[in-house]
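Enquirer: If you want the building blocks of each chain, they are given just below.
2 protein chains.
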Amino acid sequence: MDAKQYLLKTSEEVDGPIKSYIKNEEPQKLIEASRQYPYAGGKRMRPAIVLAAAGAVGGDRSKAMPLAVAIEYIHNFTLIHDDYMDGDDKRRGMTTIHVGYGMPTAILAGDALFAKAFQVIAELDISGDRLKDVLRYVTTAVWDLARGQEMDTANEGKIVSEDVYIETIRLKTSVLFAAAASGGAIIGGADKKTVEAINEYAMALGLGFQIYDDYLGIAGDSSKTGKSVGNDIRKGKCTILVTHAMEHIKDPQVLAEFKDLLGNQKDTKKDIDRAREILKEAGSIDYALKCARQKIDEAISKLDCLEPSEDKDFMIALAEYAIDRDV
Amino acid sequence: MDAKQYLLKTSEEVDGPIKSYIKNEEPQKLIEASRQYPYAGGKRMRPAIVLAAAGAVGGDRSKAMPLAVAIEYIHNFTLIHDDYMDGDDKRRGMTTIHVGYGMPTAILAGDALFAKAFQVIAELDISGDRLKDVLRYVTTAVWDLARGQEMDTANEGKIVSEDVYIETIRLKTSVLFAAAASGGAIIGGADKKTVEAINEYAMALGLGFQIYDDYLGIAGDSSKTGKSVGNDIRKGKCTILVTHAMEHIKDPQVLAEFKDLLGNQKDTKKDIDRAREILKEAGSIDYALKCARQKIDEAISKLDCLEPSEDKDFMIALAEYAIDRDV
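Note that the protein sequences, when read in sequence, are chains G and P. Here the first sequence is numbered in my numbering, starting from 1 and rising by one per residue. Here the second sequence is numbered in my numbering, starting from 1 and rising by one per residue.
I should point out that these hints are in silico values taken from the structure, not numbers from a laboratory. Accuracy of the hints is not assured; some may be wrong.
[Stated by the list, open to error] Now the in silico label distances, taken between C-beta atoms and shown as ranges:
id: 1; chain 1: P; residue 1: K158; chain 2: G; residue 2: T95; range: 23 to 29 Å
id: 2; chain 1: P; residue 1: E277; chain 2: G; residue 2: T95; range: 45 to 51 Å
id: 3; chain 1: P; residue 1: K19; chain 2: G; residue 2: G87; range: 32 to 38 Å
id: 4; chain 1: P; residue 1: D221; chain 2: G; residue 2: I159; range: 54 to 60 Å
id: 5; chain 1: G; residue 1: G87; chain 2: P; residue 2: E162; range: 39 to 45 Å
id: 6; chain 1: G; residue 1: I159; chain 2: P; residue 2: G41; range: 55 to 61 Å
id: 7; chain 1: P; residue 1: D221; chain 2: G; residue 2: S228; range: 55 to 61 Å
id: 8; chain 1: G; residue 1: D260; chain 2: P; residue 2: I159; range: 56 to 62 Å
[What the hints assert, rightly or not] A short list of chain P residues far from chain G (calculated; beta carbon distances all over 12 Å):
id: 9; residue: A40
id: 10; residue: K132
id: 11; residue: T140
id: 12; residue: I278
id: 13; residue: R293
Glycine included, C-beta positions come from ideal geometry on N, C-alpha and C.
Assemble the whole structure, with the sequences as input and the hints as a guide.
Expert: Take a look at the structure:
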């Protein structure tokens with residue numbers, strides 16, 4: 001199973017529905033702003049997880065489509081607000097919404113997409129009890145996303161513990177993966193225990209994915225990631241590489257040197273190379289890869305309860321892909 | 001029936017539940033920011049409408065409590081975001097959230113309250129079909145609120161037509177009143193026709209309420225409203241008084257004078273008095289009062305389909321109160 005191929009297939013499935021719910025109406029500017037990210041594509045990982053989870057528990061994938069759309073809208077709504085809060089001008093080559101449309105429209109486009117997500121969820125053709133379960137997972141995820149982003153803001157420029165780092169990325173990334181997977185499983189008709197196993201799969205997958213992202217941020221190829229490698233160092237982002245390095249750089253002089261490089265916007269390419277060398281020598285790069293691998297193994301083990309199927313194969317392949325990608 | 005008394009009684013009913021859903025957790029700053037407005041009280045008109053509508057159709061008011069809480073959270077989430085967009089420092093004597101906690105926390109507190117609202121809606125003890133109906137009304141309202149705020153921003157400093165003005169306040173104010181009322185009626189077990197009538201009641205009530213608010217903004221007593229009378233003129237807000245005046249000031253010199261006063265931050269108290277005098281002579285103040293009265297009569301007439309009850313009496317009294325208040 002090639003995860004990338006499956007993701008491409010899912011994109012083709014979901015692109016139409018994603019575009020179908022945001023109708024032309026006034027004011028045009030708000031509609032355009034709210035469409036930009038969902039219409040632009042992307043990996044569509046979260047919708048793919050929704051559909052695969054529904055199929056993997058023996059359910060009808062197509063019944064889960066409204067949730068696949070809703071989760072993508074929620075993901076996009078948080079990107080719009082985060083971009084503004086973080087002051088980012090570009091996202092995947094596009095101008096961010098607040099730069100293109102102004103601050104008020106960006107905040108409103110995020111709010112509108114959030115509302116639209118729940119409008120679409122109301123279209124799910126499932127029992128009231130299952131609908132309430134889906135709502136619980138999704139609303140808890142958004143509540144947690146806000147907590148995670150707040151923690152991330154509060155952590156800026158600080159060195160936090162690995163526990164705090166893991167809790168932050170759990171809230172910022174894993175909870176929406178988990179809502180996608182659990183929601184899909186609920187719609188697919190899974191029992192409580194299976195829903196819980198799939199929820200744990202996605203939680204671990206999200207952690208592995210994010211830890212690998214942090215690895216790419218320092219050791220990736222910027223011509224492929226599209227992100228300037230070293231920016232995490234320049235911004236002083238406290239990734240798992242940094243939390244590890246702080247405890248494993250033995251030479252006090254090297255530690256002082258690393259602290260100087262961290263959070264320094266003026267770091268040159270040479271400085272970044274040096275920071276990478278220090279991280280490598282401290283074993284922090286290997287440690288990050290090892291942690292990501294552990295999370296992915298944990299994720300895959302949670303799927304043992306499922307019968308073999310193409311959707312299950314994808315869920316396994318996606319987990320492997322999360323820590324074996326250039327971008 | 002004294003609407004104010006009934007509102008006070010409702011406040012006592014809903015204050016506990018409103019405080020019960022936002023638990024203590026990390027990060028504390030976000031939790032505190034998201035609590036500030038819901039905990040601060042206010043008229044609690046929207047929750048009162050939810051509960052009254054449930055009771056007025058013969059249902060159990062207490063079953064509608066989660067929706068009453070959710071609608072108040074949604075109202076508060078929009079206030080937090082609007083305050084930031086509008087750059088307002090104060091709300092009812094309180095420091096606004098972005099001033100007290102900073103921009104990122106304010107945006108996140110709004111998002112979090114929005115998520116919490118739907119978490120609470122998932123607690124409603126009603127059938128799946130009714131739950132979906134409630135979700136449709138509420139999500140459409142939030143989508144429309146964003147459209148209304150966007151239109152309001154776009155209208156700033158412009159003279160728009162009365163139609164555009166009415167559409168803007170319908171989206172900014174009426175739709176959430178209408179979601180509160182329709183949602184309450186759905187939970188109370190009303191049939192489709194009754195839900196629709198109650199929806200129309202609340203739509204008209206919202207318009208009457210907002211038009212009267214605009215009247216208070218120019219002719220009210222600032223010691224009671226707590227708002228600086230004349231600020232709408234200084235800001236150049238295109239209320240129904242202004243749209244009327246533009247077409248009914250006959251003397252071109254007076255019209256030019258009025259246009260100069262409109263949107264001039266430096267207007268003195270004397271300037272505001274002059275603007276009020278011009279509006280009065282053009283018949284614009286009387287016209288606003290007449291329009292508000294018409295909307296309220298329309299609202300009340302929609303309730304003819306309901307059996308007599310204390311809750312129905314409140315809904316009528318609330319409509320009368322909307323255009324007979326100092327604040």
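Enquirer: Each hint should be assessed against the structure and marked as holding or not.
Expert: Checked hints:
One distance hint, 23 to 29 Å for the beta-carbon pair K158/P and T95/G, holds here, with the actual separation near 26 Å. Look at E277/P against T95/G: about 48 Å separates their beta carbons, and that is inside 45 to 51 Å. The beta-carbon spacing between K19/P and G87/G, approximately 35 Å, falls within the hinted interval of 32 to 38 Å. In this structure, D221/P and I159/G meet the distance hint of 54 to 60 Å, their C-beta atoms being roughly 56 Å apart.
For G87/G paired with E162/P, a C-beta distance near 40 Å keeps the hint of 39 to 45 Å intact. Distance hint for I159/G and G41/P: a CB-CB separation of about 41 Å, inconsistent with the stated range 55 to 61 Å. A hinted range of 55 to 61 Å holds for the C-beta pair D221/P and S228/G, which are about 59 Å apart. Take D260/G and I159/P: their Cβ atoms lie about 58 Å apart, and the range 56 to 62 Å holds.
For A40/P, the shortest C-beta to C-beta distance to chain G comes to about 20 Å, beyond the 12 Å cut-off, and the non-interface label holds. Its beta-carbon lying about 5 Å from the closest one in chain G, K132/P breaks the requirement of being farther than 12 Å from that chain. With a closest Cβ-Cβ approach of about 7 Å to chain G, T140/P is found to fall inside the 12 Å limit, against its non-interface label. The beta carbon of I278/P is kept farther than 12 Å from every beta carbon of chain G, the shortest such distance being approximately 31 Å.
Separation of R293/P from chain G is adequate, the least Cβ-Cβ distance of about 29 Å exceeding the 12 Å criterion.
Checked against the numbered hints above, the structure violates hints 6, 10, 11; every other hint is satisfied.
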